[in-house]
Amino acid sequence: MKIFRPILAAIALCAAVSAGAQDKPSKYEMRAGWMASVANINWPAKKGLTQEELKKGFITYLDSLAAVNANAVIMQVRPTGDSFYPSSIEPWSIYLTGVQGQAPEPLWDPIAFMIEEAHKRGMEFHAWMNPYRIAQSADTSLFAATHAIRQHPEWFVTYGGQMYFDPGHPGSAKYTNEVVREFVSRYDVDGIHFDDYFYPYKVTAKDENGKTYVVDFPDTLTWEQFGKPFFKDKDAWRRNNVNQLIRMLSQTIRETKPWVKFGISPFGVWRNKSTDPVRGSDTQAGVQNYDDLYADILLWSEKGWIDYVTPQLYWKIGKKIVDYPILLDWWIKYSNGRHLYIGHSMGNGADEIERQIEMLRAKGYQQVQGSFYWNAASVLRNAKDRESNREMNPMLRSLNTAVALVPPMPWLDMTAPKAATDLQVSGSAPIVEVSWKPTYSDNLMYFLVYKFEKGQPVDVSDPSVIVAKLHYENDETMSYYDKQGRKGDFTYAVTAVSRNNIESPAVSQAVKVTKTAVKTK
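First residue of the sequence shown? That's 668 in the numbering used here, and the numbers climb one at a time after it.
Incorrect hints may have been included.
[Unchecked claim] Here are the simulated DSS-like cross-link-like pairs (lysine-lysine), alpha carbons at most 25 Å apart as the crow flies:
no.	residue 1	residue 2
1	K1085	K924
2	K940	K986
3	K1000	K987
4	K1118	K1182
5	K1118	K1186
6	K1121	K1154
7	K1104	K1136
8	K1188	K1104
9	K1150	K1104
10	K1179	K1150
11	K924	K1136
12	K1104	K1186
13	K986	K1051
14	K869	K899
15	K899	K970
[To be verified] Have a look at the derived ranges for each label pair, beta carbon to beta carbon:
no.	residue 1	residue 2	range
16	P1077	T923	20 to 28 Å
17	D855	G765	26 to 34 Å
18	R1048	T887	40 to 48 Å
19	K1104	R1153	21 to 29 Å
20	K1150	Y1107	24 to 32 Å
21	F897	Y1107	48 to 56 Å
22	P1124	E772	51 to 59 Å
23	P1097	D855	32 to 40 Å
24	Q911	D883	19 to 27 Å
25	W1078	D1018	31 to 39 Å
26	K970	E1120	42 to 50 Å
27	D855	P773	16 to 24 Å
28	K1051	E821	43 to 51 Å
I should point out that these hints are in silico values taken from the structure, not numbers from a laboratory. Each residue gets a CB set at the ideal place from its N, CA and C atoms; glycine is no exception.
Sequences and hints are given; from them, build the entire structure.
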């Protein structure tokens, strides 16, 4: 058994894996699928499913993502101030059982199951939460007796026929912070994720003369009590409300589990150039994060409150008023050293998505670190391009030809875990067993198994030779069974991988595989 230091030193990682500087596929790229629970968009498929049906449905989604070499799932776990887990703070979700506050029967924990299944497949699990929305209607009869609106009606407002936490009430932020604290403390989650819904998208109405006007968000009471004494401008106060929530959550996550990532997926335009000639994008979007949703994404990345940003660039290349390449370059410029992943609308079709992913990869790993797919159903159904009839999944497999690790974040723990020991290769063609003994490290998460052909150097920078990614469970001997163990000379190598996707030195064993045995060399 030999030990090799990883060819890529951690401190040189970004430069070494720049996509434009190598012919082989990048070893580091985020490839995530969003799964929405609100309105039963993705999972659960409908309310009131049995435990067996729920598990089967989720596994089917995961397997479809794994088949295109995705490495993360973004699962909506708090759609409307309710939960998909046994929370001590919030009621069970209406989208799970059909009645908010009604526990599944028999009682079980869907989140624990989903995280375990994701990790089994070498995928990160990011818990997607909505900080403010509590209902898609104004029907208060649907709320459980344990919902926060029953105890604190002063925290909530109705706007556009939907109900929300009022971001201007300090109780709202403190409550949401405790929800996140409970979740991060309880589960082996890899990330907390928010989408574009902060202050709601503005609602319009018509006056008595038929003229359209924007309906103001109904926060006059909280503005008078908590804002007006300290702010001259109501918009600045609204932005500050969201800023303070993000700052608070960032601190809570860091204090609870410093390795858990915090990411935001905002609307694709921060501000138009016509609004902000200095930092605005050359777009003519009808909505702007900063001005309409009161979400100052740039501040959050500048302050280091978030770890990644995933702008929803759902427009096609060449769209006149909001062009994908213009926004791609803009977000690269203003990512402020945090990871940048691009959100794609898979409904645009396989041809368009292929062009978009190729375009972001051409920018290089140092500029853009991956993609999110909205939503996972397009992969599950293998959606066809409406124009070319091209299928989504073969296109994604042609782009994602090898396993990729989620990119390490240099501001998180960059320590490599300890290498495995006692590497053994046994069996005979066509099934070869590779086994090893884990060496405990507090940041150990996975093991990678590599297989090299005769004459190939042990180069663990090449993802095309990764044959398995196995989740670390305990310190017992672990095994991988190579069911394509052809006869011939090979080298197997194993590395330990941290939560931040930093690899240990590789341990390797050269062998000769015959029909009757495996002989070490």
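For this session: Any hints from earlier that this structure breaks? Give me their numbers in increasing order, please.
Result: none
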